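Number of protein chains: 4
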Amino acid sequence: MRINRITRRVPVLAYLRAGGAFRLLQFAIVTAGLIAIAINTMPQQPESRLALLNVVLWGCLAFFIAEWVSVIVRVNSAGRLADYLKSGVWIIDALAVLPVPVALAFGAPKTGAWLLGVLWLLKLASVSPGIARLGRVIRVEAKPLLSVLVIFLMVLFFAAAALNQVEREAQPDTFGSLPSALWWAVVTLTTTGYGDAVPVTALGRIVGGMVMICGLGVFGLLTGILATGFVEDGRRHNFVQNWDLVKGVPFFRSLDPAGIIEISRMLRRLELPENTMVVHRGRQGDCMYFVASGEVEVEVEPDPIRLGPGAFFGEMALLGGGKRNADVTTTLPTTLLVLDLADFRTFTAHHPELAVEIEAQARKRDKSATGGGHHQ
Amino acid sequence: MRINRITRRVPVLAYLRAGGAFRLLQFAIVTAGLIAIAINTMPQQPESRLALLNVVLWGCLAFFIAEWVSVIVRVNSAGRLADYLKSGVWIIDALAVLPVPVALAFGAPKTGAWLLGVLWLLKLASVSPGIARLGRVIRVEAKPLLSVLVIFLMVLFFAAAALNQVEREAQPDTFGSLPSALWWAVVTLTTTGYGDAVPVTALGRIVGGMVMICGLGVFGLLTGILATGFVEDGRRHNFVQNWDLVKGVPFFRSLDPAGIIEISRMLRRLELPENTMVVHRGRQGDCMYFVASGEVEVEVEPDPIRLGPGAFFGEMALLGGGKRNADVTTTLPTTLLVLDLADFRTFTAHHPELAVEIEAQARKRDKSATGGGHHQ
Amino acid sequence: MRINRITRRVPVLAYLRAGGAFRLLQFAIVTAGLIAIAINTMPQQPESRLALLNVVLWGCLAFFIAEWVSVIVRVNSAGRLADYLKSGVWIIDALAVLPVPVALAFGAPKTGAWLLGVLWLLKLASVSPGIARLGRVIRVEAKPLLSVLVIFLMVLFFAAAALNQVEREAQPDTFGSLPSALWWAVVTLTTTGYGDAVPVTALGRIVGGMVMICGLGVFGLLTGILATGFVEDGRRHNFVQNWDLVKGVPFFRSLDPAGIIEISRMLRRLELPENTMVVHRGRQGDCMYFVASGEVEVEVEPDPIRLGPGAFFGEMALLGGGKRNADVTTTLPTTLLVLDLADFRTFTAHHPELAVEIEAQARKRDKSATGGGHHQ
Amino acid sequence: MRINRITRRVPVLAYLRAGGAFRLLQFAIVTAGLIAIAINTMPQQPESRLALLNVVLWGCLAFFIAEWVSVIVRVNSAGRLADYLKSGVWIIDALAVLPVPVALAFGAPKTGAWLLGVLWLLKLASVSPGIARLGRVIRVEAKPLLSVLVIFLMVLFFAAAALNQVEREAQPDTFGSLPSALWWAVVTLTTTGYGDAVPVTALGRIVGGMVMICGLGVFGLLTGILATGFVEDGRRHNFVQNWDLVKGVPFFRSLDPAGIIEISRMLRRLELPENTMVVHRGRQGDCMYFVASGEVEVEVEPDPIRLGPGAFFGEMALLGGGKRNADVTTTLPTTLLVLDLADFRTFTAHHPELAVEIEAQARKRDKSATGGGHHQ
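Residue numbers (our numbering), protein chains in the order written: chain V, 795 to 1170; chain R, 795 to 1170; chain G, 795 to 1170; chain H, 795 to 1170.
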């Protein structure tokens, strides 16, 4: 419980825990592996540390191989090996696991071979929904992204050609050929600015200044497209998942389709592992919760109450003084739908009949609470 | 009044004054303390300046300790010490105050010990609503932020591993080990570009260029997520606070729930200290004001009028020629709700009955003004 | 006309011309003055060039003084000198004009005195609506901007203190004191990365990497707040100006308030000088125009038609094949309201009665055109 | 088919293929030409490579000349030469083709003459819709962009003048004249930060830090304006194109104008070459498709079905278990309208009669499928 309290506040850990102990272990092993690979490339290590590194590296490799074999066995016994092979997921799994042993087997230098272990990061990618989302965004926004790329390339080549002509005589080493000038152009256009190639002539600097301003513009366009696409895709995805969950909550059954769409847009999903405190008694509360799956325990006197799928809680802080009046903890891995105060206000204004229902429920709870304890 | 006129134009000062004299003092002391700490670390100070620095530093420390003690005493006498300890705010308070005396007590070198005084900045953080908002945004957007982090790490490690292989022979010092290459990668991927590590081989530069472009992309994604989240959270929070205030303004009492939601979305809160001029006679006016709490004085002939909570003013500039026709000044710390001209147009189009009421009020004011003076 | 064709395509020139010849002249003189000031600071100029520079500089100064005097005379003769003095505009005017002669009079070195001529740029600012808008945005978004500033300062000071401790021994010159470390921190946090101060220890580099990532975050927040505020303010301002113009167009008179609000949001203002071609016969057309003020000439056979305020044109390309079928040129400085095809579709769907009217007008024009010529 | 599978996954290739083989060829030739130009500028090439380079360069030039001649001949034979000359497209075409032969004819140094071949990139620009879009955005957002430019220039000049005064004595070479200081200012304000000019005095660094923070602000404004404008223009353009396509789909004929506008906003266009697989049996499906033009083949047993313009497919994954139950491949170059699951939910809620129709169609297909095969 103590650990829960800590992990609950650190999003990374909460996220990992939501995936269960296995994901946490995988994350730890990838981290350990990467650190070992990094140290392994440093020169003049003492003998004893090299031995330890070897243990860690081989251990990580063994873990990933074992994991992959177990995946294949499980898939195969479910008769879905063909699907697995067709889906392309196996390519990522293989890319994460095979390169190191293959390189070692073919006699590559040891340090270089283990360096391929950075591909273990793909293990994290496969659990991250963001990579898939980024892929979708790039596919949907392919046209504008390509346009920005063409603009980027045009500025790049025109600037490089201009600087090559202008600065060639003053700095033959850094601007003497188009490839060198292109290196300067890309470093400048992305506003990285290493300073290894810098125009010194007046004309070169004027062109350079314009390239930097173009860089800001390209940056702005790219940001706009990626940001909008990413946010938009998230909203869409969120809506579809919420819609499915809302359909299963009895409380919303009286809503017409437009109402279901409205509430699906408002809700935010929260996936929690078991034994996580959702609501703290005495804290300020600015949202209410619907249980989509799993179970929570409301710690009221004399006996705690358990709420299962379809129930809601936390509404009393929105209707009353704003303070939570009971602790609420998950007892199972639970998916909650969160309705923020702002959206609660809007939703109850549009659907007064549901507002009445929530208030009735709150009054009932409050009355029963007067006899012994208070809840959220 | 003269000072008010000046501070009113400088948002920072107006903001500080809204929190009263104490916040202003706190801000000044943090600033003085930080400057003293900075000077304190510089070598070869004259004796006299060191003495002065000591006075300032010990003075700041004494102030923060005194403040903390007063907070604890106040909390304790209100019987809420347990709440204070449970809320975690005490951690921040302790972190701001204790490190310096503890370090001095344990005999750390004096300059280093006082350096911990940079934690006094936390005092500003605790008064800034933005830190809490940033926290909420990070919690709500945890998943996409984690995805971007994973993408960031993947690009980072893959680029570092590639450059380590490609540039190792040309520049063993800067790219010889994975950690050094990672340093290059993070400097490049964030487009910082110190220039202390720069690829020189053709292949290394091609990879480098791609890393920079990825940097733009990562930047774009991060900007999109943080910006959208921050703006969205502000909108939500604003709406909830306005909703509570609008409920208390009699003028809006006739509105149905949907109307209250609409106007709550349109309004902007403005918290002002006493004796601040809100409206200047003769200036262009593009908004009207509702008094949510506090009081304002409209300077009309023969006698100024005072308007309390629930009243509105500034509507005549929107209905008539666009010029304010009276000065309006706060007499108490006042919360105003601002309705911009654009939203005024929309709102009156949707609620003609309120438009009629505003116009009636304006006509009445104008008539009474003809007899002696004009007001806004 | 030839020049019109060219300037029409270059937004900067079109923008300047919309303000008339005077603004163009002012822009040219500011440009010439700045170039002269810049050259003036370069060492070892030939005598002849110095003489020329002197002529240009004194000429610019004389122009700005003459302009200011004429403004004051004009304002005074209109009896509004008090207003002018109260509005604060005179401060900017004085700041642009006075510093150079004052500095020269007080015997400041000549080059340095003329350097104050960079303040002539304020002349451009006073004509640019964007500065006022930026001011409004900063005022409205003061709270979130302050929050980001506090976050920025905290990262800055904490990073500088950490690096000061970590790198002090390795690089006493660049990280030995907190001010030097702060310089590193600000260069890094803004992702500028000069490379004059670079951490070399492992711990310093880890902190540095985190500072860079924080820099991306701060960047993202700032971009989000400023961008949203700027765009939002533009939309508001645009809406209010359009609303006023739409009220004056007879065609929209039949609309209810909600309809006026809808169309005011859709339209885009276009201010054109006289003799500017708006529509080119044979070009693809994707918008229609309403004349808000001024006059345009439709070049149809046998006689061109003139359309004044309240008329519309360009609708036939939207209804028919998409090609413009007449040239349209302004005969006076004209304000047009542009309705894009996308919004035209939406608007006519919501207001079928106006769609009918537009089609009737188009049919009438087409018929009359069959007898002699075609128009847009 | 195998190649199709690969190209379908790489957006760049899919995009190129959509334009047919010619665009692919053009892209390849531009790429080859640019590489040849880049290599051509490098010193000390072996004789044999120079000969090869010459072949490639002359080949590219010949291709572009031949292409241009063919365009002119085609345009002329269609009697539209006057239109072509008037439209200004010929300028771009000429700019891409003529500079190299003209420079060679006038006896310019060979390497420099061929460098003008970077203008061949304009060939890509003319096929990219993004350049036109960027042009529109810059025109529409001219005013705010100009405002940002003025702010940018003011910060630039004021910072340069300040640093020139402050750092002149410490670093006469880098800050001694205004032009040098301007170079520092532009490098800093764009956060490029080469590090070739760095303030060293305390005052200079304070000004420098403020310039960097202004740089973030300018960046934010620029990003906001460009990003919003670009995204907004894309939405508009998309809507208009979709509206035209939706009008041609019989299924939507029963919709009222508001419904057509709604669905036009929701759909996403997808242009595919022939023989491209749209839907993979067994994959997760989260959208349905309407055929706007072209033809697709649904691979069901016993005989595949062909669907032409106006038909829809993919709806069963949305109504049922989420899996595609047939492969669907294009047989002709096809334009599809994609309706995402999120929008499908919203749309069917608003238009229950169309939902019924889709379900009826799906039931019919499912029934016929039970007799032999399944489709999507």
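Everything labelled a hint here was simulated from the structure, so no lab data went into it. Check before you lean on any hint, since a few could be wrong.
Any copy will do: because identical chains look the same in the list, a pair fits if it lies in one copy or spans two.
[What the hints assert, rightly or not] Below, simulated DSBU-like cross-link-like pairs (lysine-lysine); rule was C-alpha separation at most 30 Å, straight line:
#1 1041 x 937
#2 937 x 880
#3 937 x 1117
#4 880 x 1117
Bear in mind that the values here come from a model prediction, so they are computed numbers and not experimental data.
Here's how the hints hold up against the structure:
Taking the shortest Cα distances, residue 1041 and residue 937 sit within 30 Å of each other only across copies (24 Å), while inside one copy they are farther apart (36 Å). In this assembly of identical chains, residue 937 and residue 880 lie within 30 Å of each other by CA distance both inside one copy and across copies; the values are 28 Å within and 28 Å between. Taking the shortest Cα distances, residue 937 and residue 1117 sit within 30 Å of each other only across copies (26 Å), while inside one copy they are farther apart (50 Å). Within a single copy, residue 880 and residue 1117 get their C-alpha atoms only as close as 53 Å, which misses the 30 Å cut-off; across copies the closest is 14 Å, which meets it.
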